[in-house]
Amino acid sequence: MAVIADLLVQGGQMLVVLALAPLLTGIVRKMKARLLRRQGPPLLQPYRDLLRLIRKEAVVAENASWLFRVAPYLIFAATWVAAALVPTFATGLLFSWSADLIAIVALLGSARFFLALAGMDVGTSFGGIGASREVMIASLAEPAMIMVVFTLALIAGSTQLSTVAGYMMSADVGLRVSLGLALIALIMVAIAENARIPVDNPATHLELTMVHEAMVLEYSGRHLAVIEAAAFLKLLLYVSLIASVFAPWGVAQAGAGLTAYAIGIGAYVVKLAIAGILLAIFETAVAKMRVFRVPEFLGAALMLALLATLLMFMTRSL
Amino acid sequence: MASALSLLCVAALLAISAGAIVLARSKRATPLVYGAACAASSVALVSALAQVMFPPAESPAIILPLGLPWLGAHFRIDALSALFLVIVNLGGAAASLYGIGYGRHESARARVLPFFPAFLAGMNLVVMADDAFSFLLSWEFMSLVSWALVMAHHREPENTRAGYIYLIIASFGTLCLLLAFGLLAGPAGGYGFDEIRTAAPTSALVPVILALVLLGAGSKAGLVPLHVWLPLAHPAAPSHVSALMSGVMTKVAIYGFIRIVFDLLGPPEWWWSMVLLFFGSISALIGILSALMQQDLKRLLAYSTIENIGIIFIGLGLALGFGANAMEWAAALALTAALFHVFNHALFKSLLFLGAGAILNATGLRDLDKMGGLIHRMPVTAFAFLAGAVAISALPPLNGFVSEWLTFQAVLVSPELTQWGLKVMVPTAGAMMALSAALVAACFVKVFGIAFLGRARSTVVAEAKEVDRFSLAAMLGFVVLCVLAGLLPGFVIDAIAPAAEFLVGARLPVQAHVPWLSIVPVAEARSSYNGLLVFAFITASASLAIVLIHRFATRSIRRAPPWDCGFPDPSPMTQYTGGSVAQPIRRVFGSLLFLAREQVEMPPPGDTGAARFRVDMRDLIWEIGYAPIAGIVGFAADRLNRMQFLTIRRYLTLVFLALVGLLLVLVIWL
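Going line by line, the protein sequences match chains A and B. When we follow our numbering, the leftmost residue of the first sequence carries the number 226, and every step to the right adds one. When we follow our numbering, the leftmost residue of the second sequence carries the number 90, and every step to the right adds one.
Careful: at least some of the hints might be erroneous.
Only part of the chain B face toward chain A is listed, based on derived beta-carbon distances under 7 Å [what the hints assert, rightly or not]: (1) Ile464; (2) Phe490; (3) Gly543; (4) Asn619; (5) Val623.
Covered stretches of chain B, as calculated for chain A (at least 3 residues, CB under 8 Å) [stated by the list, open to error]: (6) 611-618; (7) 630-639; (8) 667-675.
Note that these hints are calculated values from the structure, not bench results. Owing to the predicted nature of the structure, the values given are computational and were not obtained by experimental measurement. For every residue, glycine included, the Cβ atom is placed at its ideal position computed from N, Cα and C.
Construct the entire structure; sequences and hints are all you get.
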């Protein structure tokens with residue numbers, strides 16, 4: 226019985242992240258438009274976009290290889306699996322032991338690897354520009370992320386995200402300098418990884434400023450839909466990650482009753498909404514950086530995260 | 090028994106080598122020699138595998154009446170040797186198989202065929218040697234034979250220079266090891282490994298020995314700053330030999346290091362760990378950044394080897410640090426991670442070099458900027474190379490990720506170390522490792538994207554043909570092993586366990602008993618990973634998405650010219666090149682490390698002449714570390730050159746003065 230319940234929770238989690246991911250993006254878009262005194266698209270617009278794209282014929286460049294057609298699904302699958310392993314409304318996920326935080330970061334790395342390759346497949350200069358900038362950003366964001374993971378793992382004594390989240394809910398965490406540094410670094414990495422302002426502009430099609438959009442320029446129809454869905458999932462993943470570690474309130478414990486799960490889902494949606502609104506405010510308030518300012522931004526994230534880890538090594542209590 | 094069989098295989102390889110000298114002129118010799126070498130390596134591989142899977146209680150030494158008359162030549166296969174024998178012979182068998190096809194295009198057959206089996210034999214002997222004399226003899230034999238292979242195409246001036254530098258550094262390395270063994274054996278001169286183990290060196294000598302071993306084994310492995318020969322020599326050899334040199338010979342060097350430092354030198358001290366972590370970290374970072382800057386595919390792969398050697402040394406350094414603090418289980422974790430990475434790197438680097446060889450065979454090119462679109466012309470090679478690229482970029486679910494994950498786990502248990510130096514050094518090394526891991530992914534996006542994707546940048550590439558089936562079989566064999574080691578890492582960890590137990594006195598828990606074939610290095614609450622399940626999840630979700638979309642939405646597809654934001658460019662030369670992909674990273678890291686300078690010369694407005702773009706990069710390690718030495722030697726040689734043209738009177742005077750001088754020294758000394 227217990228296994229079936231666990232399976233249900235895990236399956237439910239997979240569906241929840243997939244169902245809620247476009248909503249989060251919808252919230253951000255709507256909120257940004259409202260902040261600019263525009264009406265903005267409806268909250269459900271991302272769902273409609275996805276459905277429409279899926280039903281359209283895919284136009285593929287003449288010289289695209291099989292990799293171009295397979296990559297979207299690989300990217301989507303890797304991101305979805307990673308997102309499903311982050312606790313959202315309940316901890317104690319059945320398969321959380323199959324991949325820890327390091328593996329989740331690496332799964333996102335796999336998705337990025339194939340996205341960059343897909344960008345280079347057709348052999349256009351925009352694909353190249355996107356891929357080369359993406360790997361440059363990733364080459365600094367990923368180590369910063371690993372250092373954040375180190376800090377969390379050293380505090381909780383585990384790299385299992387369920388255990389980390391459980392530890393963060395317990396009373397003996399307290400306020401720590403390392404945690405604060407790690408939170409700042411994590412937010413900076415999340416902004417860069419999700420191609421948000423000030424690192425990249427998700428809404429732009431201005432050639433020289435785009436990174437993520439340049440890579441997916443050749444995609445259309447269902448392939449584009451799947452890649453967009455992966456991008457939504459990735460944003461949701463980072464929000465869930467920050468929420469489960471730094472704001473673990475309301476998350477249902479393993480084996481809790483149905484009410485706990487209901488509360489968990491409610492709390493999770495509220496957290497998503499808050500995160501979406503905060504992200505929109507932040508994006509509206511800052512300007513996009515030049516590409517070669519990004520390394521400084523991410524270098525700062527890396528240094529902060531390294532400092533947090535070093536502090537954990539020096540004193541086990543800070 | 091196993092040792093006898095392995096020695097027989099070595100004898101067989103040497104015999105093949107001798108036969109190849111006779112046969113090399115004939116065209117038939119190629120499949121014959123490589124086929125025989127493949128068979129001999131396979132037998133040795135099976136014998137070594139049997140010993141790894143079912144470790145015997147004790148491994149008797151075989152003493153042959155060769156070498157020093159009072160010593161003989163001792164050979165023994167213990168847990169560590171067996172592990173490395175598997176790696177050597179696996180690489181050997183696959184490279185021989187590849188050679189059957191690849192060797193057909195060899196222009197200098199007589200310069201490759203006799204040395205290839207001898208090279209395999211040499212590496213086998215190093216790993217089996219059980220006394221200092223046979224070890225050094227085999228080591229030097231391995232070096233010289235590989236030098237001969239590097240010089241196979243000696244008419245190209247680049248190769249001559251590569252061979253020259255390789256020869257100098259290899260001799261220097263052997264000299265260092267010779268001195269190290271001399272110090273280890275002590276005044277009594279017990280050169281058997283058993284005698285060395287019992288006679289601990291005095292503590293004053295330990296730093297000297299460690300430095301000598303680092304110089305000797307480190308130079309062979311390609312540790313920065315002793316790496317300068319590696320990116321010159323490895324690419325110069327024929328590609329299957331490059332695969333052996335990068336994938337296997339560097340591992341034999343690591344074996345030498347482990348054998349001496351973990352086994353013979355006695356209990357470790359914590360500062361050894363500092364030294365290893367330092368050199369490992371800078372090798373990892375400088376190796377991968379240099380790789381990113383290369384346009385020559387094989388040289389790029391050689392630089393990437395330096396990065397991987399760095400990661401292995403970080404693992405070894407951690408193991409020494411834990412060992413010095415009596416944390417045997419943590420030392421076992423770090424050592425297992427290092428040995429796992431040794432195994433992984435042997436697989437995927439051999440695979441990648443074989444892939445580079447396939448491209449070289451099909452197009453005659455090593456320059457990335459002339460390739461492009463090879464995925465259409467060489468689909469199987471492209472697939473194999475992609476698997477190798479994913480594996481080396483440490484992406485789950487392939488094998489490279491597992492060993493990096495284990496190393497990170499080892500870093501995470503190190504706050505329990507007591508020394509302050511290590512408390513700062515270990516997280517820094519961890520950060521350097523994370524940074525280089527991310528750069529590796531960037532590097533292989535560049536390689537695969539430029540070589541295999543996009544549009545062809547030259548006509549030979551546009552007309553390339555897939556390589557022969559022997560080459561493909563060798564590459565696909567490595568792909569299968571990369572996938573298996575990634576999905577079922579528990580079995581590899583269990584195979585490494587006896588060696589870890591022998592070296593640090595502890596082993597990881599038996600992984601084969603963990604449910605669902607996960608790996609749990611310490612405790613399940615702490616960390617676990619299941620490659621098989623991750624793979625199953627990804628496959629399931631991807632298939633689900635494909636089936637649902639194709640079933641319920643649409644599966645129609647239309648081919649059209651590329652969109653490219655409305656400005657499709659007719660010429661393939663407008664694509665990004667390797668240099669342009671690496672440009673952002675060069676700007677971020679290169680201006681400091683390589684003093685990279687970019688110059689753009691634009692024609693004045695109205696002039697339709699071409700604009701020029703130039704990048705200057707400098708190799709600071711060569712300029713600071715090696716160029717002055719080369720300068721001094723050259724200067725001294727020029728001065729001494731005058732002595733060659735003296736009259737007989739002056740020579741006689743010189744001889745007389747030298748005699749008087751020597752006698753004076755003797756008088757003063759006594």
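Item to complete: Report the numbers of all earlier hints that the structure fails to satisfy, in ascending order.
Response: none
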